[in-house]
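K.L.:
Here the protein sequences come in this chain order: V and U.
1 is the number of the first residue of the first sequence in the UniProt record's numbering; add one for each residue after it.
1 is the number of the first residue of the second sequence in the UniProt record's numbering; add one for each residue after it.
These are calculated hints, taken from the structure and not from any lab test.
Incorrect hints may have been included.
To be verified - DSSO-like cross-link-like pairs, simulated, lysine-lysine; straight-line CA separation at most 27 angstroms:
| no. | chain 1 | residue 1 | chain 2 | residue 2 |
| --- | --- | --- | --- | --- |
| 1 | U | Lys-12 | U | Lys-155 |
| 2 | U | Lys-280 | U | Lys-233 |
| 3 | U | Lys-219 | U | Lys-233 |
| 4 | U | Lys-264 | U | Lys-219 |
| 5 | V | Lys-19 | U | Lys-86 |
| 6 | U | Lys-249 | U | Lys-264 |
| 7 | U | Lys-87 | V | Lys-19 |
| 8 | V | Lys-16 | U | Lys-155 |
| 9 | U | Lys-12 | U | Lys-31 |
All of these numbers come straight from a predicted model, not from anything done at the bench.
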Amino acid sequence: MLTVATGNKAVAAAVKAAKPAVVAAYPITPQTEIVEQIAEYVTAGEMDARYIPVESEHSAMTACIGASITGVRSFTATSSHGLLYMHEMLHWAAGARLPIVMANVNRALGPGWNVWAEHTDAFSQRDTGWIQLFVSTVQEAYDTTLMAFRIAENTGILLPVMVNLDGFVLSHIMQSLETVEIGDYIPPMVLPHRIDTGNPAGYGTLTGPGDHFKFRWEIEKAMRNSPAVIADAEEEFAMRFGRKYGPVDEYLCDDADVLIVSMGTLGKEAEVAVDNLRKEGIKAGSLRIRWFRPFPELDISDRDLVVLDRGYSFGFGGVLTDSIKSRYRDSSLFSVVAGLGGQEVTYDDIAEFVRNRRMGEEYWFGVDA
Amino acid sequence: MAEIPKEEYLEKCTTACAGCTSSLTLRYVLKAAGPDTVLVVPACCTSILQGIYPNTSFSVPVYNIAFAAAAACASGMSEAFASMGKKTNVIVYAGDGGTIDIGIQALSGALERGTDFLYICYDNEAYGNTGMQRSGATPMGARTTTTPGGKTDAKKDLDRIVAAHNIPYQATATPAYPKDLYEKVKTALATPGPSFIHILAPCPPGWRIASDMSVTVGKLAVKTGSWVLWERKYGELRISSPSKSAMKKRAPLREYLSVQGRFKGISDSAVNELEQAIEKNIAQLAKEEAGEC
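In isolation and in its complexed conformation, chain V is listed as follows (with noise of 0.2 angstroms):
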């Protein structure tokens, strides 16, 4: 059905298509029309979900581990300083291997109190062992986040999956949104370990060295399997739906002698950056990175990269432009820390960071003079 509705609404909507038993829920800026949203729809019955009000964040993801080690669904959305406040129990859920899917409207950390678009939040929990998808449009927001339980609960995988969205820039902005009826999409959910009062075990006992390095192995092993798992999604996605997501969304790359390279809602700016760059005979690609974790494999050889960063880490460089360096270390690439705490980067100023670029060096853009 074509609607339209915003980034927080177009997430709502996949859940409840997914049919959650279990949705735990705490408001925080600007995640919160998610979690008002499913609550209508609980209580209107159009969702056959049992909403837990939580008194956290912290509870929030708890609530979700004790009901997903009970071998159902379940679903939260957070932002900012409460995925921050969960990031105890964002280990906990990966490490217990639960399939819990949530997501996280980017959102800068105080202080001071901003409550508008950063990447600070998510990078933070780069080594949680949670999946990490990054969106860019309403669409992609609703498509992914369906997409999200599938991958999370192949037995192949179960861990715990990530969508992220801008705040405000795609959270509150208005775009046009095709809902799918999803069929059997998002299989049954079947844990293997679920909890079972027949077949009683300890679930998190004191584990010496040996067994806990081997939990932490299968982790690993886990998401080197998920990029095989995702793509599997998107493919099928695309063949049931007819809409197409990798890894990465590549706009005009093939040609391309300049990459700008970006996550969420950058990207679109991007494009219209490398439209008007080719206008000038600059041939500029678009390179936008869905999946941050796992992180995919790019073709970028004999290109210069021009990376947008929305976070950082302080004493070191750009959280993305660290990821690419350290898989590609022999990648030409300029460094543009922008857009933190919502700051306005337009495409006529990504095509100004490709015009003046300098190759191996980092700049802060509005404030490195």
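With chain V fixed as given, assemble chain U onto it according to the hints.
P.N.:
Then chain U, alone, in the frame of chain V:
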């Protein structure tokens, strides 16, 4: 009164200390709950006494969870079982640190939301698992590794905090009176919605008592009025019979304190404050039972 079942769900191979009353409590809790039960355990002594993976000394599923998280985990689990139409008992078994201090926010939330579960706090009045550091539940005058001169603050009044949530069933107990404990667990599990039982769990290494003295010390706690056994069903308070008898003629508080190394050298003023707190607590409970407040 029903016979306490012979079935054991806590095997004899736990790694608990000798004389541990927390594991003794758990033995009765599980007898009352039966096999269709899941225990949710935050960081506490019970995290350790299960044994080391892949072994477990429990014959019900135990879900270990982070320190602050037990009540929230039980919330998710309880709702998930309800969504499947299952009647499985969800019981949190948590220490005083995980309840009174770091876990109180999650506990308060779960109680307020009417979560259908039983929360049991076994209170050994310190962070036992990490070697007896002071908690909010440590009584005034008790020496712990972080209050080497004796605690200067009073024990946090957990029961009145829980009572403020107006839950359907709340009780206190101690394994020194196992039938009382067993009956209270039975009642709690038969009551829909949130139930809470606060257990006094004397701890031989932490309280510096001999391992064969922990039950005796539990009885002394009741006889001196330091620990009052009661239950409150849908707002109706009833003081339990061991405390009823004790309150007729209380044993001197010194009898309880002097057998515990942790109170060695306690000041007269601290004893006096403990005494006053006991009298105030008993008076309040008696008034409530009589319907005077």
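K.L.:
All hints, please: hold or fail.
P.N.:
Evaluation of the provided hints:
1. A threshold of 27 angstroms between alpha carbons decides the hint, and for Lys-12 (chain U) with Lys-155 (chain U) the separation of about 33 angstroms lies outside it, so the pair is violated.
2. Proximity of Lys-280 (chain U) to Lys-233 (chain U) is assessed by CA-CA distance (about 22 angstroms); at most 27 angstroms being required, the pair is judged to hold.
3. Straight-line distance between C-alpha atoms of Lys-219 (chain U) and Lys-233 (chain U) comes to about 24 angstroms, which keeps the hinted pair within the 27 angstroms bound.
4. Note on Lys-264 (chain U) and Lys-219 (chain U): the hinted pairing holds, with a Cα-Cα distance of about 20 angstroms set against a maximum of 27 angstroms.
5. At most 27 angstroms may separate the alpha-carbon atoms for a hinted pair to count; Lys-19 (chain V) and Lys-86 (chain U) meet this at roughly 19 angstroms.
6. A hinted pair counts as satisfied when its Cα atoms are at most 27 angstroms apart, and Lys-249 (chain U) with Lys-264 (chain U) qualifies at roughly 25 angstroms.
7. Distance hint between Lys-87 (chain U) and Lys-19 (chain V) is fulfilled; the C-alpha atoms sit about 22 angstroms from each other, no more than 27 angstroms.
8. Distance restraint check for Lys-16 (chain V) and Lys-155 (chain U): the Cα-Cα separation of roughly 47 angstroms exceeds the 27 angstroms cut-off, and the hinted pair is therefore not satisfied.
9. Under the criterion of a C-alpha separation no larger than 27 angstroms, the hint pairing Lys-12 (chain U) with Lys-31 (chain U) is consistent with the structure, at around 14 angstroms.
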